[in-house]
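J.: Read off the chains here:
Number of protein chains: 4
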Amino acid sequence: MEKVFRDPVHNYIHVNNPIIYDLINTAEFQRLRRIKQLGTSSFTFHGAEHSRFSHCMGVYHIAKTITEYFSNTYPLEWNPDENLVTQCAALLHDVGHGAYSHTFEGLFDTDHEAVTREIITSADTEVNTILRRVSPDFPEKVAAVISHDYPNPQVVQLISSQIDTDRMDYLLRDTYYTGAVYGKFDIDRILTSIVPVPDGIAFKISGMHAVEDYIVSRYQMYMQVYFHPASRAMEVILQKLLARAKILYPENQAYFLQTSPCLVPFFEYKNNLQDYLALDDGVMNTYFQTWMRHEDTILSDLAKAYINRHVLKSVQIANENEDKVDSLRKLVAESGFIPDYYTGIHDNFDLPYDFYRPNSEKPRTQIEILQKNGVLTELSKLSPIVASLAGTIHGNRRFYFPKIMLENEEFISIINQNNIQF
Amino acid sequence: MEKVFRDPVHNYIHVNNPIIYDLINTAEFQRLRRIKQLGTSSFTFHGAEHSRFSHCMGVYHIAKTITEYFSNTYPLEWNPDENLVTQCAALLHDVGHGAYSHTFEGLFDTDHEAVTREIITSADTEVNTILRRVSPDFPEKVAAVISHDYPNPQVVQLISSQIDTDRMDYLLRDTYYTGAVYGKFDIDRILTSIVPVPDGIAFKISGMHAVEDYIVSRYQMYMQVYFHPASRAMEVILQKLLARAKILYPENQAYFLQTSPCLVPFFEYKNNLQDYLALDDGVMNTYFQTWMRHEDTILSDLAKAYINRHVLKSVQIANENEDKVDSLRKLVAESGFIPDYYTGIHDNFDLPYDFYRPNSEKPRTQIEILQKNGVLTELSKLSPIVASLAGTIHGNRRFYFPKIMLENEEFISIINQNNIQF
Amino acid sequence: MEKVFRDPVHNYIHVNNPIIYDLINTAEFQRLRRIKQLGTSSFTFHGAEHSRFSHCMGVYHIAKTITEYFSNTYPLEWNPDENLVTQCAALLHDVGHGAYSHTFEGLFDTDHEAVTREIITSADTEVNTILRRVSPDFPEKVAAVISHDYPNPQVVQLISSQIDTDRMDYLLRDTYYTGAVYGKFDIDRILTSIVPVPDGIAFKISGMHAVEDYIVSRYQMYMQVYFHPASRAMEVILQKLLARAKILYPENQAYFLQTSPCLVPFFEYKNNLQDYLALDDGVMNTYFQTWMRHEDTILSDLAKAYINRHVLKSVQIANENEDKVDSLRKLVAESGFIPDYYTGIHDNFDLPYDFYRPNSEKPRTQIEILQKNGVLTELSKLSPIVASLAGTIHGNRRFYFPKIMLENEEFISIINQNNIQF
Amino acid sequence: MEKVFRDPVHNYIHVNNPIIYDLINTAEFQRLRRIKQLGTSSFTFHGAEHSRFSHCMGVYHIAKTITEYFSNTYPLEWNPDENLVTQCAALLHDVGHGAYSHTFEGLFDTDHEAVTREIITSADTEVNTILRRVSPDFPEKVAAVISHDYPNPQVVQLISSQIDTDRMDYLLRDTYYTGAVYGKFDIDRILTSIVPVPDGIAFKISGMHAVEDYIVSRYQMYMQVYFHPASRAMEVILQKLLARAKILYPENQAYFLQTSPCLVPFFEYKNNLQDYLALDDGVMNTYFQTWMRHEDTILSDLAKAYINRHVLKSVQIANENEDKVDSLRKLVAESGFIPDYYTGIHDNFDLPYDFYRPNSEKPRTQIEILQKNGVLTELSKLSPIVASLAGTIHGNRRFYFPKIMLENEEFISIINQNNIQF
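Protein chains in written order, with UniProt numbering: chain A, 1 to 422; chain B, 1 to 422; chain C, 1 to 422; chain D, 1 to 422.
Please note that the accuracy of each hint is not assured.
Pairs involving identical chains hold if they fit within one copy or between any two copies, as the list cannot separate such chains.
Okay, derived cross-link-like pairs now, PhoX-like style, lysine-lysine, Cα gap no bigger than 20 Å in a straight line [what the hints assert, rightly or not]:
| # | residue 1 | residue 2 |
| --- | --- | --- |
| 1 | 204 | 324 |
| 2 | 330 | 304 |
| 3 | 246 | 330 |
| 4 | 372 | 184 |
| 5 | 372 | 3 |
| 6 | 313 | 246 |
| 7 | 304 | 403 |
| 8 | 3 | 313 |
| 9 | 324 | 36 |
| 10 | 372 | 403 |
Calculated from the structure, these hints are not laboratory results. If you're wondering where the values come from, they're calculated on a predicted model, not measured in any experiment.
Could you put the whole structure together from the sequences, leaning on the hints where they help?
T.: So this is what it looks like as structure tokens:
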């Protein structure tokens, strides 16, 4: 069998294994069509309305390309028996993502990575049923890849490392859909530079500049797209809106049971896998649209702000003026807004690249460059650009407030006098 | 003021008129973010998940480019006072589109063009409030452009003709998002070839090949993307699902009122503008997901088929074998499927281009080419390719049925013996 | 071994056969770097300065892609032993092209296809030496492919037919370098639709629209790029310039022997292969630059016109006004220009596609579409667009004259009164 | 008037000033069609065969875009009277470039910048005649811009600074033609971020990441394309070839006068402007092709190596092993090659970006970022990536030698034992 999917990023995606094709057709995987890849970013970059479904297809495609290339080119260094487990893990790595995951997880104590593993290993899912056709322990193997416990580090690193199939696809895809040009890099060169080595994967020196460019692209996408202040404003509103609903729930159980039944198990911390899978962007937005008519003005107001895209404004908070946030918040309160709901702090920080630090909390697998003499060297030792980004946190902390405050003279004068940046 | 939107198709979209910016920020316009541009096509072309919001932004951008170019280049032939009305009509031309419009309109007797006009002219909308800031009669003017009643044919043709700002954007945009290459054409050349003439707009002969290429691109997109059998299968399922719900409603009023409140006014044919605006793709899908657990197995089965993308299969129906459809349908019934819900006929036909036929039911404004000697000539007289497509209907009629019928020998033998094409 | 070439059209071109790599490094193949692919077209499309070298690399790449795909996918229908001969023929198909071939061949009775075969089969060339390493009769085999005498029609059609590796590369390449958008088509789809059949190659129906689009692209490139009036003006000047030199030669042998030694064998019709290979665009232009200072004002004038791009202007000649050309030419003479050198007729006609016509002078291998039921059908029977182009000659005949004639009132009035088109 | 040029990098280039159009049509400017933009790089990147003509058209286009944008957007900060001088300087900034300039200038003491000024200011050129139509002192003004003596620093910096119209075009153009993806940056964003300030030009902070990306792109193009070892090998051969001809000249005057007349004035150091303009890539290559048959085996051998692309191989020279070069060179001599002609040292170093260093030999105009509060800040203070590249020289020194030395065991063992890198 061969099925072909038209993909704007990779052109054609070929599926020639019935296991992969049947996984794509499961209810759990199809559900990813209903969850946007970039969450609130499409409020800022209107072109970026793509779903996690298309991203997962792309990750599978890259994994298929690499594993087939390895099988043909490195028969001694790579075991072709790993192809299917790698491809399945690539396809399914995000299958547990939920609606607005990052915000949601913070409030309701869910964990999309745990859900991913559960979907793969729980006997009740369509995904599990199909994986078991390969072998009874195959679901566990796929789950192990995703949780970094799989014994072969080559497979683990293809799915999760500082330059893995996931990141390669999302950078290219988010670049394509936002229209940003920064995120493009030479994936064809990277895909022919990648080599399996005993401890994982490495990159031939001839492809080093392409890897370097990938790191810079990643940095630029974080700075320009993922950390955009307007998208984060929408995330702040979303967080406040859900928090308000959660607080109102105990006194309004009947209301929420009628209008927002799929959220109730989460309000009550009694949710199971089926509850989790019942939620998607459309369901959440449908609930928010109902809440727009609720009598609690905070709930209805925040719901309207979210649905109709009324963004909050923001300023950057730096160490030297962090103490001024209280004064600003006080002025917001004096203007009639409850600060708990109409102001917020949003942090966005990223470490574009790092070498291995054994004592760090979460040590990273560093990118290794294979030199012509066979020696492996860590990337930042060879690249001054990468060295400039390595180990340095980028991003900022922002204080969000209602737009109307920009007309408040006292508010503005605090900003100006303390050299607070917008 | 100037606001800039990143757009993957047009790169940057500049908004420098507060009226336009405020229209974009209305609840009615923001709602377009929640309605996919291509409906069920994204089930086939997974990349094409873009919304009507981004399409409308693109149509505005093209209208802005043309009207500014006209103002600078043809001060005698074009009146710059028309710029704003043209741009507003371009931005708002689809503001009345609803969720799954084509299917929905057939069942519930709604009309998205009438809704567009209502949103523009009804005093209750945010859109109308903003348009009235220009002048009290400005909403009516914008609505007149959309209903082809505006006195200046140049403006009307920019918004609606065989080569208008709407079609130019959707062909480029749908091409970009599906990843099809057929739909690309040289919009830059077209935009500098377009000329205002007394009766409307025309194209300089030097740009004729670009116009020709646009017509071919349009034809290819219809054949390859818009008429794709799998997308139409999903449309058939959707149509059956909504029809089933409508039939069940009288006996299940309480159920639908609770689970699908926004559809009830339509079941009762008592819907008003607010009811219409309350529906979007996410709301509809949320209802369908609820229906998946309804005790009526037809409703729940069709809801699952739609949500989890279980496509129907199909064959083409031609005149010479139309009489065989009954036999096929009978076999579907014998296999235990109620034909009314599990089979369907779907027609997709398009006239890629036509010259003006005064006696036709809906005469088209033909494309005029301005020759170097000043004479206007209808496009198909100059282009053999366009002549080959002019006035000829393309597309087909398909009979849809459950996939499992492909294993029914009698069913297959009817298909083969009657030379019915898949 | 594997050598990789960066190519802007195909991204990376991989060479993994030493025969191919060594052929690329021959003097005869490297010489193609010094011959522009599009001749005088770069005077009109300044971006299109690419050489026959890069085109030949691209044709090789497409042939490699198809033959490897055939070997993997159609082991019964395609013989992998044909891969190398196909790839060599693809690489070398234009190795005999000379400087400004079309103009040159008309004047000096050379034939680039015959030269191609001679380079391949003559024992004196580096190309032949390398080909003989495969087997003593391998050069003859490669030459037979190019002259359509090779027994396997699949191989012949891959190199030369209405949709062959040569045309696919030049359409994409010329599109890329001119910046025209018309010429793009979906080569990836075509390359996975192509199937070897007993009588040659065919295309699966699922790829028919891509083939259709290729035919339209080809038509557009001819109309828009290859037949551009300004490029043809430069061809007319070039033809007149070389003709003048040839006429002057008998009385100026010493001059030409000193300034233009490599042309002398051609003036004397005594040229051999080495003489032919000594000529390239740079050598010709160097001679022309010398001729700019010759005392014969026709020669020097035409040389300056060519080198400094002083284009002639032109009008279209149609049957109904062909008799007016004499009057125009007479006026050119009266203005002091010798018509034989300062006016010219230039024909450009093309048959975008044709089906097989056994009685035609040069019958074409038609494009066959493989339908799902296994039947082969000729393309134009399935595609109305192709039918509209099939068998119809497109192009025009132009009369060229000095630009200054546009200021001659009588000249202009003949043009206008007889409805002669520019 | 308006003339439109199709350009693959900028799409359409519009010329609406007769001065510009007439400058394009001068003999001196048309001559740029015969000089490759990238010299020997097309031996490595076969797609990069574009000429200085197309680059100069692109620089003009960018200058036109910026000056028109400035005129509309910054009427107080920018004087529209500077538009034409800026556009002329942009178009003509490279008009004095000669064939293989860098190599040639080293050997024959020419200076393409001085020639550029001479073409502009000398009364004998077509360029000067046209510029004088603007005003008698206009040629001097244009020349002053190019020599950095023009009083308005805004104009000077648009033509020559660390982010000028020249660099923007060549990065994009060389990227397009080589097929490298590294060189792409968001020129549209840069062009709307650029602001005229009293001391020159600056960039709004909102466009800082685009500027940052431009610096990285520039660095990558130097590392990957401009400094490619194989292209430099061809430059070494070229340098040796011309040096050999120069040495042979005194004893072979008649030979060179007959075969290479346009080089003689340079051999004799008596060259004038006309001599300079008579040389181009084609003329040089024609001479080299003649020299392939000269009896001096060094001359003929080097000519063949250059024409037929027989590249030298190379190793990197670092401080710690610089003393080993002599041993390597000695082995080359022992193998029968005269080291002066068959070995060479080639340095390629670049400073990707630097801030202003008043005491440096050639202080650079630094890139200034305009912050929201109106303060100008030097780029590397805001960007860690740029800081990592600022003031640091990148590139390497290479020792070139005949390929056959790779089979010499002693030679290889010196390389390996001293950890010399290829």
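J.: How do residue 304 and residue 403 come out at 20 Å by Cα distance, when the copy is not named: within, between, both, or neither?
T.: Result: close within a single copy only, 15 Å intra versus 43 Å inter.
J.: Evaluate residue 313 and residue 246 at a C-alpha cut-off of 20 Å and name the case that applies: within, between, both or neither.
T.: Neither. Shortest intra-copy (25 Å) and inter-copy (45 Å) distances fail the 20 Å Cα cut-off.
J.: Give the relationship of residue 246 and residue 330 under a CA distance limit of 20 Å: within one copy only, between copies only, both, or neither.
T.: Neither. Shortest intra-copy (25 Å) and inter-copy (53 Å) distances fail the 20 Å Cα cut-off.
J.: Are the CA atoms of residue 330 and residue 304 at most 20 Å apart within a copy, between copies, both, or neither?
T.: neither (24 Å within a copy, 51 Å between copies)
J.: Since the copies are identical, ignore which copy is meant and state whether residue 324 and residue 36 lie within 20 Å (CA to CA) inside a copy, between copies, both or neither.
T.: neither (36 Å within a copy, 44 Å between copies)
J.: Evaluate residue 372 and residue 3 at a C-alpha cut-off of 20 Å and name the case that applies: within, between, both or neither.
T.: between (40 Å within a copy, 16 Å between copies)
J.: Is it within, between, both or neither when you check residue 372 against residue 184 at 20 Å Cα-Cα?
T.: The answer is neither: 27 Å in one copy and 29 Å across copies each exceed 20 Å.
J.: Is it within a copy, between copies, both, or neither that the alpha carbon of residue 204 lies no farther than 20 Å from that of residue 324?
T.: neither (50 Å within a copy, 27 Å between copies)
J.: Give the relationship of residue 372 and residue 403 under a CA distance limit of 20 Å: within one copy only, between copies only, both, or neither.
T.: between (57 Å within a copy, 18 Å between copies)
J.: Could you figure out if residue 3 and residue 313 sit no more than 20 Å apart (CA to CA) within one copy, between two copies, both or neither?
T.: between (47 Å within a copy, 15 Å between copies)
Going down the numbered hints, you'll see the structure goes against 1, 2, 3, 4, 6 and 9, while the others check out.
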